[in-house]
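If you read the protein sequences in the order shown, they are chains Y and X.
In terms of the numbering used here, the first sequence is residues 12 to 277.
In terms of the numbering used here, the second sequence is residues 284 to 403.
In case anyone wonders, no lab produced these hints; they're calculated from the structure.
The beta carbon of each residue, even a glycine, is placed where N, CA and C say it ideally should be.
Please note that a few of the clues may not be correct.
Said to hold, decoys possible - Derived Cβ-Cβ restraints for the label pairs, each shown as a range:
| id | chain 1 | residue 1 | chain 2 | residue 2 | range |
| --- | --- | --- | --- | --- | --- |
| 1 | X | Ser327 | Y | Gln133 | 17 to 25 Å |
| 2 | X | Ser306 | Y | Pro77 | 36 to 44 Å |
| 3 | X | Ser399 | Y | Leu207 | 29 to 37 Å |
Stated by the list, open to error - Residues on chain Y that point at chain X, a partial pick, calculated with CB under 10 Å:
| id | residue |
| --- | --- |
| 4 | Val43 |
| 5 | Ile47 |
| 6 | Gly107 |
| 7 | Asp113 |
| 8 | Thr174 |
| 9 | Leu178 |
| 10 | Thr182 |
| 11 | Leu184 |
| 12 | Leu214 |
| 13 | Gly226 |
As the list claims (entries may be wrong) - Derived lysine to any residue pairs resembling SDA-like cross-links, with alpha carbons at most 20 Å apart:
| id | chain 1 | residue 1 | chain 2 | residue 2 |
| --- | --- | --- | --- | --- |
| 14 | Y | Lys163 | X | Lys402 |
| 15 | Y | Lys24 | Y | Ser92 |
| 16 | Y | Lys29 | Y | Arg95 |
| 17 | Y | Lys118 | Y | Thr157 |
| 18 | Y | Lys13 | Y | Ala67 |
| 19 | X | Lys357 | X | Lys386 |
| 20 | X | Lys402 | Y | Met110 |
| 21 | X | Lys377 | Y | Glu153 |
| 22 | X | Lys386 | Y | Val144 |
| 23 | X | Lys386 | Y | Gly170 |
| 24 | X | Lys381 | X | Ile354 |
| 25 | X | Lys386 | Y | Pro77 |
| 26 | X | Lys359 | Y | Glu153 |
| 27 | X | Lys386 | Y | Lys24 |
| 28 | X | Lys381 | Y | Ser112 |
| 29 | Y | Lys163 | X | Lys377 |
| 30 | Y | Lys118 | Y | Cys138 |
| 31 | X | Lys373 | Y | Met101 |
| 32 | X | Lys377 | X | Ile394 |
| 33 | Y | Lys159 | X | Ala365 |
| 34 | X | Lys373 | Y | Asn160 |
| 35 | X | Lys359 | X | Thr326 |
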Amino acid sequence: MKTIPAKIEAQGKWISAKIEIDETTIYLPEPVDTQILLKSIDDVQQRKNIITISVAEQNYRIATVPKALVILKRVILMGCSGYRLMAYFMSPAIRGGVMVSDAEWEKGAVTVLTSGIWFVSQKHQICIPIADVSGIEQTQREIQGTEKNVVKIDHVENGDVSTSFVLCPSTTLQVLYNYLTDATKGSSLDGELDPLSSQVAMLVYSGMDSHSIEGMLEKSQREIDAIYDRMLGLGLVEVVQTRREVKLTTKGVRFVTEAVKPPTPQ
Amino acid sequence: MGRILVVDDTLFMRTLLKNILFSGNHDIVGEAENGEDAVEKYTSLQPDLVTMDIVMPKKNGIEALKEIMAINPKAKVIMCTAVGQEQMVKLAIKTGAKGYIVKPFQAPKVIEEINSVLKS
């Protein structure tokens, strides 16, 4: 049994408390006064130094210092109800198309919960929110000289598109892949994109603005707008800025006409 | 700012890379659509850096890299690859490539990588 000094939220207020936790149970003292079986925890979410644990419809929020949070999360993630397996992971391995130079395989656990995929090792506790997962794929990667099957997870991380890999025995790899595919099916594309729209999607991914895209593909603003509309309809993009086109008023025309006149000699 | 040769067999990827590099204040001194063309242009243009696709017709990126390294052992070449081509990447690094980027890529990260290789 470990005792962790923390603050727990009760009726909108943060109360200092000593949480007790062991491999099966977490006890939140007065005024919450609740004993939670770890295997009944459906979800764990973290924002800064606060974790929210969800049991059925009930959420419990706990705040503590980073060092204690690491211990708390490790025990919860190893005991909660999500799909869990021991595996090697590398996260992130690629960021924005560039290999992360110090990325390495870490031995630990992968826990898939309702809102996120957690990687837990001795060194790190990394969460990829399910909402940020853009692709799940089974692929091969060379590890210590041999090609091994891995699951590749593409995800958005602070605006960068990143890729993480999970390596586990082939018997569980397929199960993990199926589980992740099912957990993230909400972000799959229903339907197909024509080649031009796919190129536009690729350019948006690369960070090109609308003006550059028009120039690169030699298309008018109207044509690109029509493609954006299709992509909006498919839920592939969201509008971040609306461009304006203007024409001069009579006052504006007069200003320009005056501005280009040569100065009158004194 | 660097003088860069862009090598890729698809016009779309060449144009995309050129735009990204241009936005990073680099000069595009030339482009090539296969390995053979890349070696010729490298010799004539002597760029500071080459972005080299791996899978290309006539002569692939690895063969072109080998020839460029034979011409100039200090050549700075960054390979462009798709995920799943790790074997090729390993070979490229052994052959002398200074870095690699994975398609699809994001402009700021590509510029960062290119600037870092140019400075090295």
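These are the hints, each one checked on the structure:
no., hint, result
1, X:Ser327 to Y:Gln133: 17 to 25 Å, "54 Å, violated"
2, X:Ser306 to Y:Pro77: 36 to 44 Å, "38 Å, holds"
3, X:Ser399 to Y:Leu207: 29 to 37 Å, "34 Å, holds"
4, Val43, "44 Å, violated"
5, Ile47, "40 Å, violated"
6, Gly107, "3 Å, holds"
7, Asp113, "14 Å, violated"
8, Thr174, "7 Å, holds"
9, Leu178, "13 Å, violated"
10, Thr182, "22 Å, violated"
11, Leu184, "16 Å, violated"
12, Leu214, "7 Å, holds"
13, Gly226, "8 Å, holds"
14, Y:Lys163 to X:Lys402, "32 Å, violated"
15, Y:Lys24 to Y:Ser92, "28 Å, violated"
16, Y:Lys29 to Y:Arg95, "28 Å, violated"
17, Y:Lys118 to Y:Thr157, "18 Å, holds"
18, Y:Lys13 to Y:Ala67, "25 Å, violated"
19, X:Lys357 to X:Lys386, "25 Å, violated"
20, X:Lys402 to Y:Met110, "18 Å, holds"
21, X:Lys377 to Y:Glu153, "15 Å, holds"
22, X:Lys386 to Y:Val144, "18 Å, holds"
23, X:Lys386 to Y:Gly170, "17 Å, holds"
24, X:Lys381 to X:Ile354, "16 Å, holds"
25, X:Lys386 to Y:Pro77, "36 Å, violated"
26, X:Lys359 to Y:Glu153, "25 Å, violated"
27, X:Lys386 to Y:Lys24, "48 Å, violated"
28, X:Lys381 to Y:Ser112, "12 Å, holds"
29, Y:Lys163 to X:Lys377, "25 Å, violated"
30, Y:Lys118 to Y:Cys138, "15 Å, holds"
31, X:Lys373 to Y:Met101, "18 Å, holds"
32, X:Lys377 to X:Ile394, "23 Å, violated"
33, Y:Lys159 to X:Ala365, "17 Å, holds"
34, X:Lys373 to Y:Asn160, "18 Å, holds"
35, X:Lys359 to X:Thr326, "13 Å, holds"
Of the hints listed earlier, those the structure fails to meet are numbers 1, 4, 5, 7, 9, 10, 11, 14, 15, 16, 18, 19, 25, 26, 27, 29, 32, in rising order.
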